[in-house]
Amino acid sequence: MVTADAVWAALDEIPDPEIPVISLVDLGVIRDVAVDGSHVRIEFTPTFLGCPALEVMKRALEETVSALGAEPDVRVIQDDSWSTDRITPAGREKLREAGFAPPAPRAAGATTLVQLQSKAFRCPYCGSQETRLENIFGPTPCRSIRWCESCRQPFEQFKTI
Amino acid sequence: MNARAQQLLSLADDELILGWRDSEWTGIAPTLEEDVAFSSIAQNEIGHARALYELAAVELDTDADALAFDRTPDEYRCAPLVQLHLLDWAHTIARRYLYEEADRVRIDALKRGDDAELAGLAAKIDREETYHRLHAELWAARLRDEPRFRDAVEELWPYALGVLEPELRPVLAGRVGLSVESTQAVERGEHAEAFTQLHDEMTEVRRSAPGQQW
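Residue numbers (the working numbering), protein chains in the order written: chain A, 1 to 161; chain B, 162 to 375.
The following block holds chain A by itself, in its conformation from the complex:
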């Protein structure tokens, strides 16, 4: 009989399809795991609605549960329960090591341009705070492009949402 802990451990081995250094558990998209006999219900709360990886993630969750010998029931929760604050501390560190600046913590109220242009963002390569916003938008919905004045290279910043 599979336990909830075993399911969580297995899900923690599933890499994010676009940023494979981080697992789906680190990304914070698993809201709940409920085991009832051989039936495993997972509440999956997607990141960005336009993310093309959502279907891949859902399928990976189902395959992982099936591989444990249980019957998967993945529910997609389309409310605002996911935010970048759900990325775990370990996940943030893995992002930084892979060259992605992790998201800034969410402030009260919506993000402003002044916040994005502040010096709070550190370069993931050299640690400098002499960085500037190049483009709010990047190669995927979840990323912005910044430029490091110190080591003179662009880097990707996970957007805060």
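Take the hints with a grain of salt, since some may be wrong.
Straight-line C-alpha distance at most 16 Å; calculated EDC-like pairs for lysine to aspartate or glutamate [unchecked claim]:
| no. | chain 1 | residue 1 | chain 2 | residue 2 |
| --- | --- | --- | --- | --- |
| 1 | A | K58 | A | E97 |
| 2 | A | K94 | A | E149 |
| 3 | A | K94 | A | D32 |
| 4 | A | K94 | A | E43 |
| 5 | B | K272 | A | D80 |
| 6 | B | K272 | A | D79 |
Not close to chain A: a few residues of chain B, all C-beta gaps over 10 Å, as computed [to be verified]:
| no. | residue |
| --- | --- |
| 7 | V197 |
| 8 | E215 |
| 9 | V332 |
| 10 | S340 |
| 11 | V366 |
Honestly, the hints are just simulated from the structure, not real lab data. All C-beta atoms, glycine included, are put in the ideal place defined by N, C-alpha and C.
The hints should help you fit chain B onto chain A, whose structure is shown.
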């Protein structure tokens, strides 16, 4: 069709068709940054459309792809603003600015509404739209004194009003500093000729292989 399904389809069609129009700048925007911005915004809007179609699909006992691609042009409920085929940057930015302002008013109302499922989705969409608004506001501030941009905003204003239900229009007018009284809104229900061309192009792959899964 019940009122909820009609509302969901209006919202979803607006986002799908605007996403399609925004994606027309992919590869040909004035700067590389805008190429990336328009492509990313388009992707988000189409993602919002998909989530809204999925809610509508439950009401209508179908699926999101069928709603997005299998209807005839006259069954789409999108506002005329999003259908316009705009070929210059001043009008394109004017539409982005006016649409984001109208969408903000609408999303605020949905978040406070009685439909808990739609309120939850609106709250999620709102988080992503924050970045679209920053982009639109930055451009509107940059172009504010340009006559071409101001003319474009005035020209598209009757279309922007048509995005919202009448009771929400004064809120939009207050936000953008224009008037509701002296303006005849371009309402939903009429399709520009440009929409038929868009529909032909958008549904071409789906029609070429009916029932295929990708």
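Status of each hint after checking the structure:
no. : hint             : result
1   : A/K58 <-> A/E97  : violated, 26 Å
2   : A/K94 <-> A/E149 : violated, 23 Å
3   : A/K94 <-> A/D32  : violated, 23 Å
4   : A/K94 <-> A/E43  : violated, 24 Å
5   : B/K272 <-> A/D80 : holds, 11 Å
6   : B/K272 <-> A/D79 : holds, 11 Å
7   : V197             : violated, 5 Å
8   : E215             : violated, 7 Å
9   : V332             : holds, 17 Å
10  : S340             : holds, 27 Å
11  : V366             : holds, 16 Å
Going through the hint list in order, the structure does not satisfy hints 1, 2, 3, 4, 7, 8.
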